[in-house]
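J.: Chains as they are written, first to last, in the working numbering: chain A, 1 to 347; chain B, 1 to 616.
Hints listed in this document are in silico derivations from the structure and should not be mistaken for laboratory results. Being a predicted model, the structure only gives us computed values, none of them experimental. Heads up, a few of these hints could be off.
Said to hold, decoys possible - Ranges of calculated distance between the beta carbons of each label pair, as one might list FRET restraints:
1) B:H484 with A:E319: 50 to 56 Å
2) B:H484 with A:T140: 36 to 42 Å
3) A:E319 with B:N593: 48 to 54 Å
4) B:E433 with A:I244: 54 to 60 Å
5) B:Q198 with A:E319: 39 to 45 Å
6) A:K332 with B:Q198: 51 to 57 Å
7) B:E433 with A:D279: 47 to 53 Å
8) B:I275 with A:T343: 18 to 24 Å
9) A:I244 with B:I275: 29 to 35 Å
For each residue, glycine too, the CB sits at the ideal point set by N, CA and C.
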Amino acid sequence: MTTKVNMTIERSSVELTKEDFVSDQMVKWCPGCGSHAILSSVANVFPKLGYRKENIMMVSGIGCSSRFPYYLNTYGIHGIHGRAAAISSGVKIANPHLSVWMATGDGDSLAIGGNHFIHIIRRNIDINIILFNNQIYGLTKGQYSPTTPMGSITKTSPQGTIEHPFNPGELVLGAQGTFFARVPDSNPRLMTEVMFEAAKHDGTSIIEVLENCVIFADKSHDIITNKEFRDDRQIILRNGEPMIFGKNKDKGIRLNGTRLEVVTLGENGFSEDDLLVHDMYQQDPGIHLMLAKMAFPHFPVAMGVIRAAMYPTYDDMVEEQITYAKQNSKIKTVDDLLNSGDTWEIK
Amino acid sequence: MVKMKSNVIQREEVVVKFVGDSGDGMQLTGTLFSDTAALAGLDLATFPDYPAEIRAPHNTVAGVSGYQVHIGAKKIETTGDLCDVLVAMNPASLRSNLKWAKPGATLIVDSDTFEEAAWKKAGYNVNPLEDGSLDGYNLVKAPITSFTRGSLKDKGLDQKTADKSKNMFALGIMYHLFGWGFEATFDFFNKKFKNKPQVIDANRTVLEAGYSYAEAVEALNSVYQVNKAAITPGRYRNITGNTATAWGFLAASERSGRPIFLGSYPITPATDILIELAKHKSLGAKVFQAEDEIAGICSAIGASYTGSLALTTTSGPGLSLKSEAIGLAVMTELPIVIVDVQRGGPSTGLPTKSEQSDLYQALFGRNGECPAVVMAASTSANSFYYAYMAAKIAMEHMTPVILLTDGYLGNGSQLFRIPKVADLPAINPPIAEPNDPDFLPYRRDPETLARKWALPGTEGLRHRIGGLEKEDGKGNVSTDPLNHQKMVDLRDAKVQKVANYIPEQEITGEKEGDLLVVSWGGTLGAVQEAVETAQSMGKKVSHAHFNYIMPLPKNTGDVLSGFKKILVCELNSGQFVNYLKMTHYGHKYLQYNKVQGLPFTVNELTQVITQILEEK
């Protein structure tokens, strides 16, 4: 993890540390909330990016996750519900020399802000989006969200939800996402790694953090994150490596015809050579989509960077068009414009 | 045989209206006519009147598209009440527009289109060209379709293509009627159809054929002569209100040194501002066509935070959707201009018709105590100036500004005296200096109460702002009761202080009298003419037209105090009059309102004014 780089963003002349990004505000999340881990990871990653601290900007919407900008000493906007993606888009397009980060939740980005979320992804604007997925509305105290598992009892679903939840990875890839990663809040090392990869990616990066809400949806991810069995229920994808998982590193994912399949190494003649090798850079999202959709109990849940495909970004193309127009247009000033076309002198 | 025209009618002003089916090219015909009038040295105002549907069913009243042009040797303030010449390309357009023709007006109709099926479809029971119902007019039954085809018969065009030039035949007739040349129109053909010499040739041929036809027709025995207008010397062009608005912002961007960003979603009748700004990347314009109205304004707020002159453009329904985000801009005290090109409401309403009914929404349509500057342009041409001033006020006072125009101003066009950007007032946004030891996000300028604009990337100014209530000065989140009261008062006072930086309200006429006619926004021309008419009759009546609404000019109370009665005329049910009653009570207010999707006519206003002055 050394150099990144987006050459349009000015680099710091001095070595930065976590302390450079600590704000003087008291962090008001509940004790045990997964957001603390995310804050800590972000504060670890920012100094490593090498950017000037003044060139980092944090934007959020509304919800528990969206208090995030107050807890970091960067430029920042705490926006309105669901609109962080639209605000970030304006920030990045207007000033491409900023490293723009967005903190949002499953309610903020997948319900009220769903429209902005899919369109920022479709446009591939270079913004790093951390999606705090706790499967519940926390700040309004416990209503179901678009990612709450079907059948869950919440304050607004006393008999259980009757809605099909979104799988954020599927949504991101459906919207032509170029970068998608998933990480549990209980694995800070992987989180830091993934955030660095997101920063390196030129385009919209989505990091879904499976986050625990200790108050309203405690242990909602426990079924895959519990220490007892997490190694058997998660697979950490690493680019260029075969897809192996399990406490004893004896299980793997292979492609059987057009479908993924879990196999046990050494059984039925399967060896490492039969397994899929992760290629996060491939353009075709087919395998990435299948990986993003893997779910308990038939599959381990995929963690790490699932997709990081290279496509042109909206913000780069805006700059290219402006540069081209400035070089080729006869209209260089507003006076030129005012006097262009049909004009005449009245004496 | 070419006859010499015997009659030349000298006129101070003439109103011409072109009407036809949606696909007949009436907008283009009107534009070419007005461009030629402008080159002939006349003052003018135009108004396109078209249906919401792109191509409503052929030959129906619903599908009629029109373009009215008012030209004159005098200063032209309105697009004209009734027309002197009506060009109607089919029965439906005649039927729906005859009511806008003056008694005795010249009607030029394409007689070829008056077939039974067509006049029945238009709702006539008998052919109006033959039943004597048009005897009160100078009716010219011109076989426009057949003569167009005839003039092109050797050109090898199919009939459909040939028929597309019909409007040029009508235009040729009009050029004869006014004695104008073809040069400007030929230039247009050459540019527009650069790679289609056959089309250029066809249009020229038909235009000339129309002209020759008019020379030979008895009913067109009279031609108009309109002398050159006495216009302030200078360089001029034609401009629509929407283009003027876009260019005003470009000028403000250049003059302030702040890059321009527009976040917008297409909506009638505001879309042309978005289209216009999208053309000007060479001036650095960043134009983001957002996924919805909310994203339009939110992206602009993001751009504003980074130091752009940030804009969003919309019409009434879009302004509703932007309300919450305007609140965010009020709370974060970021500069942004929201343009509302008003149309008929509520809901989807009358998208292609115009009203002034979004005033309450602009003033009050947000949650919480949420003051924003509200101002209004009053002509197509001065939309340039008011857009410029809206940008200046937003940036210098760190506040959202809502600029109201309307469909008539936006789509209508006028002569525009081209300014020099260097002559426009300076714009000095309060940008925070790097490492300013005194910097606090909400520390204010004592005069304007504006906070500093601290741009990301600047050393020593990192700060967070947002929609939660802010602690005075430091800008941290605060729920302290007294702080909230203080911040509410400060945000209001900041907007009120803008009154110290805007011009005083002017009165046209005496400062005292029997009646003050008050208007605002796009009704300027009609109200002014009506007041002038009453003044010329010796009445003690004056006129005050408002462009700055929140805050009102400081001398508003004095202006109102000089008159026994105040008549507020507006194209809504009385929104400005109620606002005046609220802010300046104790005057005798009367109101005249119309909500029909139509502009005021000078005639109706003159009658109302006269009637009030006769009452004791």
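J.: Could you run down the list of hints and mark each one as holding or not?
T.: To see whether the hints hold, each was checked on the structure:
no.: 1; hint: B:H484 with A:E319: 50 to 56 Å; verdict: violated, 42 Å
no.: 2; hint: B:H484 with A:T140: 36 to 42 Å; verdict: violated, 22 Å
no.: 3; hint: A:E319 with B:N593: 48 to 54 Å; verdict: holds, 50 Å
no.: 4; hint: B:E433 with A:I244: 54 to 60 Å; verdict: holds, 57 Å
no.: 5; hint: B:Q198 with A:E319: 39 to 45 Å; verdict: holds, 41 Å
no.: 6; hint: A:K332 with B:Q198: 51 to 57 Å; verdict: violated, 36 Å
no.: 7; hint: B:E433 with A:D279: 47 to 53 Å; verdict: holds, 50 Å
no.: 8; hint: B:I275 with A:T343: 18 to 24 Å; verdict: holds, 21 Å
no.: 9; hint: A:I244 with B:I275: 29 to 35 Å; verdict: violated, 55 Å
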